[in-house]
Amino acid sequence: MGSRSSHAAKIPDVDSIRRETGFSQASLLRLYHRFRALDRTGKGYLSRLDLQQIEALAVNPLGDRIIDSFFPDGSLRLDFPGFVRVLAHFRPVDEEEDGNRDPKEPEPLNSRMNKLRFAFQLYDLDRDGKISRHEMLQVLRLMVGVQVTEEQLESIADRTVQEADEDGDGAVSFLEFTKSLEKMNIEQKMSIRILK
Amino acid sequence: MDGAELAGQVLYTWLTLVLGLILLPSAFGVSLGISEIYMKILVKTLEWATLRIETGVAKQSILKNSASVGIIQRDESPMEKGLSGLRGRDFELSDVFYFSKKGLEAIVEDEVTQRFSSEELVSWNLLTRTNVNFQYISPRLTMVWVLGVIVRYCVLLPLRLTLAFIGISLFVIGTTLVGQLPRSSLKNLLSEVVHLTCCRICVRALSGTIHYHNRQYRPQKGGICVANHTSPIDVLILTTDGCYTMVGQVHGGLMGIIQRAMVKACPHVWFERSEMKDRHLVIKRLKEHIAHKKELPILIFPEGTCINNTSVMMFKKGSFEIGGTIHPVAIKYNPQFGDAFWNSSKYNMVSYLLRVMTSWAIVCDVWYMPPMTREEGEDAVQFANRVKSAIAVQGGLTELPWDGGLKRAKVKDTFKEEQQKNYSKMIVGNGSLESELD
Numbered sequence: 001m002g003s004r005s006s007h008a009a010k011i012p013d014v015d016s017i018r019r020e021t022g023f024s025q026a027s028l029l030r031l032y033h034r035f036r037a038l039d040r041t042g043k044g045y046l047s048r049l050d051l052q053q054i055e056a057l058a059v060n061p062l063g064d065r066i067i068d069s070f071f072p073d074g075s076l077r078l079d080f081p082g083f084v085r086v087l088a089h090f091r092p093v094d095e096e097e098d099g100n101r102d103p104k105e106p107e108p109l110n111s112r113m114n115k116l117r118f119a120f121q122l123y124d125l126d127r128d129g130k131i132s133r134h135e136m137l138q139v140l141r142l143m144v145g146v147q148v149t150e151e152q153l154e155s156i157a158d159r160t161v162q163e164a165d166e167d168g169d170g171a172v173s174f175l176e177f178t179k180s181l182e183k184m185n186i187e188q189k190m191s192i193r194i195l196k
Numbered sequence: 001m002d003g004a005e006l007a008g009q010v011l012y013t014w015l016t017l018v019l020g021l022i023l024l025p026s027a028f029g030v031s032l033g034i035s036e037i038y039m040k041i042l043v044k045t046l047e048w049a050t051l052r053i054e055t056g057v058a059k060q061s062i063l064k065n066s067a068s069v070g071i072i073q074r075d076e077s078p079m080e081k082g083l084s085g086l087r088g089r090d091f092e093l094s095d096v097f098y099f100s101k102k103g104l105e106a107i108v109e110d111e112v113t114q115r116f117s118s119e120e121l122v123s124w125n126l127l128t129r130t131n132v133n134f135q136y137i138s139p140r141l142t143m144v145w146v147l148g149v150i151v152r153y154c155v156l157l158p159l160r161l162t163l164a165f166i167g168i169s170l171f172v173i174g175t176t177l178v179g180q181l182p183r184s185s186l187k188n189l190l191s192e193v194v195h196l197t198c199c200r201i202c203v204r205a206l207s208g209t210i211h212y213h214n215r216q217y218r219p220q221k222g223g224i225c226v227a228n229h230t231s232p233i234d235v236l237i238l239t240t241d242g243c244y245t246m247v248g249q250v251h252g253g254l255m256g257i258i259q260r261a262m263v264k265a266c267p268h269v270w271f272e273r274s275e276m277k278d279r280h281l282v283i284k285r286l287k288e289h290i291a292h293k294k295e296l297p298i299l300i301f302p303e304g305t306c307i308n309n310t311s312v313m314m315f316k317k318g319s320f321e322i323g324g325t326i327h328p329v330a331i332k333y334n335p336q337f338g339d340a341f342w343n344s345s346k347y348n349m350v351s352y353l354l355r356v357m358t359s360w361a362i363v364c365d366v367w368y369m370p371p372m373t374r375e376e377g378e379d380a381v382q383f384a385n386r387v388k389s390a391i392a393v394q395g396g397l398t399e400l401p402w403d404g405g406l407k408r409a410k411v412k413d414t415f416k417e418e419q420q421k422n423y424s425k426m427i428v429g430n431g432s433l434e435s436e437l438d
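Protein chains in written order, with the working numbering: chain Z, 1 to 196; chain A, 1 to 438.
Hint data in this document are derived by calculation from the structure and do not stem from the laboratory. From a predicted model like this one, the values you see are computed outputs, not experimental measurements. Worth double-checking, as some hints may not be accurate.
[Said to hold, decoys possible] Within a straight-line C-alpha distance of at most 25 Å, the following computed DSS-like cross-link-like pairs (lysine-lysine) qualify: (1) A:Lys346 to Z:Lys43; (2) A:Lys187 to A:Lys294; (3) A:Lys221 to A:Lys284; (4) A:Lys293 to A:Lys264; (5) A:Lys287 to A:Lys317; (6) A:Lys317 to A:Lys416; (7) Z:Lys189 to A:Lys425; (8) A:Lys317 to A:Lys332; (9) Z:Lys189 to A:Lys421; (10) A:Lys44 to A:Lys332; (11) A:Lys264 to Z:Lys130; (12) A:Lys293 to A:Lys187; (13) Z:Lys130 to Z:Lys189; (14) A:Lys284 to A:Lys317; (15) A:Lys101 to Z:Lys189; (16) A:Lys101 to Z:Lys179; (17) A:Lys221 to A:Lys287; (18) A:Lys221 to A:Lys317; (19) A:Lys221 to A:Lys187; (20) Z:Lys189 to Z:Lys179; (21) Z:Lys189 to A:Lys416; (22) A:Lys346 to Z:Lys10; (23) Z:Lys183 to A:Lys101; (24) A:Lys294 to A:Lys264; (25) Z:Lys179 to Z:Lys130; (26) A:Lys421 to A:Lys101; (27) A:Lys332 to A:Lys40.
[Claimed, not checked] Here's a subset of chain Z near chain A, in silico, CB distances under 7 Å, partners left out: (28) Ala37; (29) Val59; (30) Pro61; (31) Val148; (32) Ile156; (33) Met190; (34) Leu195.
[Unchecked claim] Simulated restraints, written as ranges between beta carbons of each label pair: (35) A:His292 to Z:Asp68: 38 to 46 Å; (36) Z:Leu175 to A:Asn348: 52 to 60 Å; (37) Z:Val146 to A:Ser344: 31 to 39 Å; (38) Z:Glu107 to A:Asn348: 45 to 53 Å.
Backbone N, C-alpha and C define an ideal beta-carbon position, used for all residues, glycine too.
With these hints in hand, go ahead and build the complete structure from the sequences.
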């Protein structure tokens, strides 16, 4: 009959997920309910189709790229830890937590670097660590649809790559990407705050 | 011997009671007031339970049940504001942040998915199935809950099953008998009597309490009745107050038997599955049906699927292309007494009906609304939206532009194209590309 209890004990491996992502118990519970709600047929994992059926995501010009980021390495099943790991990139940065961090531990998923890495791989279609001009064109095409001509799009792509490219290899590497965005307030632009 | 006799006696008294107290009054459309007494007791019990839970909650701290508040902090600024960067307004590498944030927000919470699960209650109504966040409060409450379980499963359920069985059998027999008569006004009258009696019995089988408002606007002959869809019970609720022509697919099994029986007594419009796909054929047949203005009004649910009764989704334009007068009807269920929403991906028809029969009751309001016709220069889509807004306002439901049938299909590209257009205007419409100096 499906009576939902408020116990986080239902989530498998909840402690390790909490440590890895930094989400609070309450947030994890909400995300778990959301995961279950998206899994309409009750398989226990999410497929691409489950995400594609979210209408507000399907009309997003970068919807397909975002869905791709949940299914790395061609996998077809998204389990709850994987789901939360991607969402953790968008956790707002907590200054206090940042100060207390143990430098020996791996960087938290919602650090500035990791947020930038997430944005970078939305562009980097073949995951080779560089955004080529061709990849830039393809992502631009996704964002504008049929509204812009090929020439206009090519000049935009050329300009963007030229501006960011420092070593002149005709592609934007991750370091060049971060450098061109160093003044940007990434934390605020890529954060989703989950209300208690 | 004694055991069998005793069982026989019990069954006999049971059936006589049912006949006398429920069936006969239904046939004459008279109410003995038993349901009203039941509802009064129920309301008092639930109020008492709510008070107990609230006082219990004050002592402990529980997660706030935010049924209507969103779970993430939303920044609803339009695309222009969300994208403005440090420089002018050409394409920037950072533009991707805006879209990815919006996309992730949609993954965490969207308007539509929540409409396909049952509405969350503000306070518990003593049914396990609605127990979301409510914890153990006191032994007295638990006892009342146990009593409730016994009453629902051991007293109400058998009663309701008996009634449903009798109702459906009478319906099939009645319509078959009436179907033997030649077409005449007597046949129509008898068919109405059979329909109404059996529907009333079936509504009692669900302990349904229905309030009809504005009965002066009841759909007239030759019109089309349009309503929001929450469950198959909607049909029952509307036909208790008047006869309609049904439109739909031919089913197999029990539904098929009922459909074939209905068609004998009065003309309904049933389509084969293959015919349903041909929109023009469907519209043609319906047009023919209302052309005479003498036939019973057609009943259509333009959403095409069951929604959870908190919102109204896109009305498919097909029903609004037929022409004729549209009579909108708004149906709103009260979730406190029983959840009428049919989540077809989670429950099949039989488990759904069992769930409904083991709830307290089905309480709903039906508002008949003044008829609407398509205005000059208005196309079917605009007309459909106009009717949808009227129904949403009347029933107190939210209005959503999305297509409810989407759980089975893909979203139309037009919505995505709008976003792409907006974005393109911003990065190209500036004209700063041409004039840039190297």
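Status of each hint after checking the structure:
Of the pairs offered as hints, the one joining Lys346 (chain A) and Lys43 (chain Z) holds, with about 12 Å between alpha carbons and a cut-off of 25 Å not exceeded. Taking the CA atoms of Lys187 (chain A) and Lys294 (chain A), the gap is near 15 Å; set against the 25 Å cutoff, the hint holds. A distance of roughly 18 Å separates the Cα atoms of Lys221 (chain A) and Lys284 (chain A); the hinted pair therefore holds under the 25 Å criterion. Restraint check: the Cα-Cα separation between Lys293 (chain A) and Lys264 (chain A) comes to about 20 Å, which is no more than 25 Å; the hinted pair holds.
Note on Lys287 (chain A) and Lys317 (chain A): the hinted pairing holds, with a Cα-Cα distance of about 15 Å set against a maximum of 25 Å. Between Lys317 (chain A) and Lys416 (chain A) the alpha-carbon distance is near 20 Å, which keeps this suggested pair within the 25 Å criterion. With a CA separation close to 22 Å, the supplied pair Lys189 (chain Z) and Lys425 (chain A) stays within the 25 Å bound. Our distance criterion of 25 Å between C-alpha atoms is met by Lys317 (chain A) and Lys332 (chain A), whose separation comes to about 23 Å.
At roughly 22 Å between alpha-carbon atoms, Lys189 (chain Z) and Lys421 (chain A) fall within 25 Å of each other, so this suggested pair holds. Distance hint between Lys44 (chain A) and Lys332 (chain A) is fulfilled; the C-alpha atoms sit about 22 Å from each other, no more than 25 Å. Of the pairs offered as hints, the one joining Lys264 (chain A) and Lys130 (chain Z) is violated, with about 71 Å between alpha carbons and a cut-off of 25 Å exceeded. At most 25 Å may separate the alpha-carbon atoms for a hinted pair to count; Lys293 (chain A) and Lys187 (chain A) meet this at roughly 18 Å.
Between Lys130 (chain Z) and Lys189 (chain Z) the CA atoms are separated by roughly 23 Å; this keeps the pair inside 25 Å, and the hint holds. For the proposed pair Lys284 (chain A) and Lys317 (chain A), the alpha carbon gap of about 14 Å is at most 25 Å, so the pair holds. In summary, the hint linking Lys101 (chain A) to Lys189 (chain Z) is supported, as the alpha carbons are separated by about 8 Å, within the 25 Å threshold. The straight-line distance between the Cα atoms of Lys101 (chain A) and Lys179 (chain Z) is roughly 21 Å, inside the 25 Å bound, and the hint therefore holds.
About 14 Å separates the Cα atoms of Lys221 (chain A) and Lys287 (chain A), which keeps this hinted pair within 25 Å; it holds. Straight-line distance between C-alpha atoms of Lys221 (chain A) and Lys317 (chain A) comes to about 22 Å, which keeps the hinted pair within the 25 Å bound. Pair hint Lys221 (chain A) plus Lys187 (chain A) holds up; C-alpha atoms about 17 Å apart against a cutoff of 25 Å. For the suggested pair Lys189 (chain Z) and Lys179 (chain Z), the alpha carbons sit about 17 Å apart, so the restraint of at most 25 Å is met.
Distance check on the hinted pair: Lys189 (chain Z) and Lys416 (chain A) sit about 22 Å apart at the alpha-carbon level, within 25 Å; holds. With a C-alpha separation of about 20 Å, the suggested pair Lys346 (chain A) and Lys10 (chain Z) falls inside the 25 Å cut-off, and the hint holds. With a C-alpha separation of about 19 Å, the suggested pairing of Lys183 (chain Z) with Lys101 (chain A) holds against the 25 Å cut-off. A C-alpha spacing of about 18 Å is found between Lys294 (chain A) and Lys264 (chain A), which places the hinted pair at or below 25 Å, so the restraint holds.
Taking the CA atoms of Lys179 (chain Z) and Lys130 (chain Z), the gap is about 14 Å. The hint holds against a cut of 25 Å. Simply put, Lys421 (chain A) and Lys101 (chain A) have alpha-carbon atoms about 19 Å apart, close enough for the 25 Å limit, and the pair holds. Distance restraint check for Lys332 (chain A) and Lys40 (chain A): the Cα-Cα separation of roughly 20 Å lies within the 25 Å cut-off, and the hinted pair is therefore satisfied. Interface hint status for Ala37 (chain Z): upheld, as the beta-carbon distance to the closest one in chain A is roughly 6 Å, under 7 Å.
Interface hint status for Val59 (chain Z): upheld, as the beta-carbon distance to the closest one in chain A is roughly 4 Å, under 7 Å. The beta carbon of Pro61 (chain Z) is positioned within 7 Å of a beta carbon in chain A (closest approach about 5 Å), and the interface hint is therefore held. For Val148 (chain Z), the shortest C-beta to C-beta distance to chain A is roughly 5 Å, which falls under 7 Å, so the interface hint holds. Interface restraint check for Ile156 (chain Z): the shortest CB-CB distance to chain A comes to about 5 Å, inside 7 Å, so the restraint holds.
A least Cβ separation of about 5 Å between Met190 (chain Z) and chain A falls short of the 7 Å threshold, and the interface hint therefore holds. Given hint, Leu195 (chain Z) at the interface with chain A, holds; its Cβ is 6 Å from that chain's nearest Cβ, closer than 7 Å. A hinted range of 38 to 46 Å for the beta carbons of His292 (chain A) and Asp68 (chain Z) is inconsistent with their spacing of about 57 Å. Restraint check, Leu175 (chain Z) to Asn348 (chain A): a C-beta distance of roughly 56 Å satisfies the suggested window 52 to 60 Å.
Here the CB-CB span from Val146 (chain Z) to Ser344 (chain A) is close to 37 Å, well matched to the stated 31 to 39 Å. Glu107 (chain Z) and Asn348 (chain A) have their C-beta atoms about 48 Å apart, which keeps the hinted 45 to 53 Å range intact.
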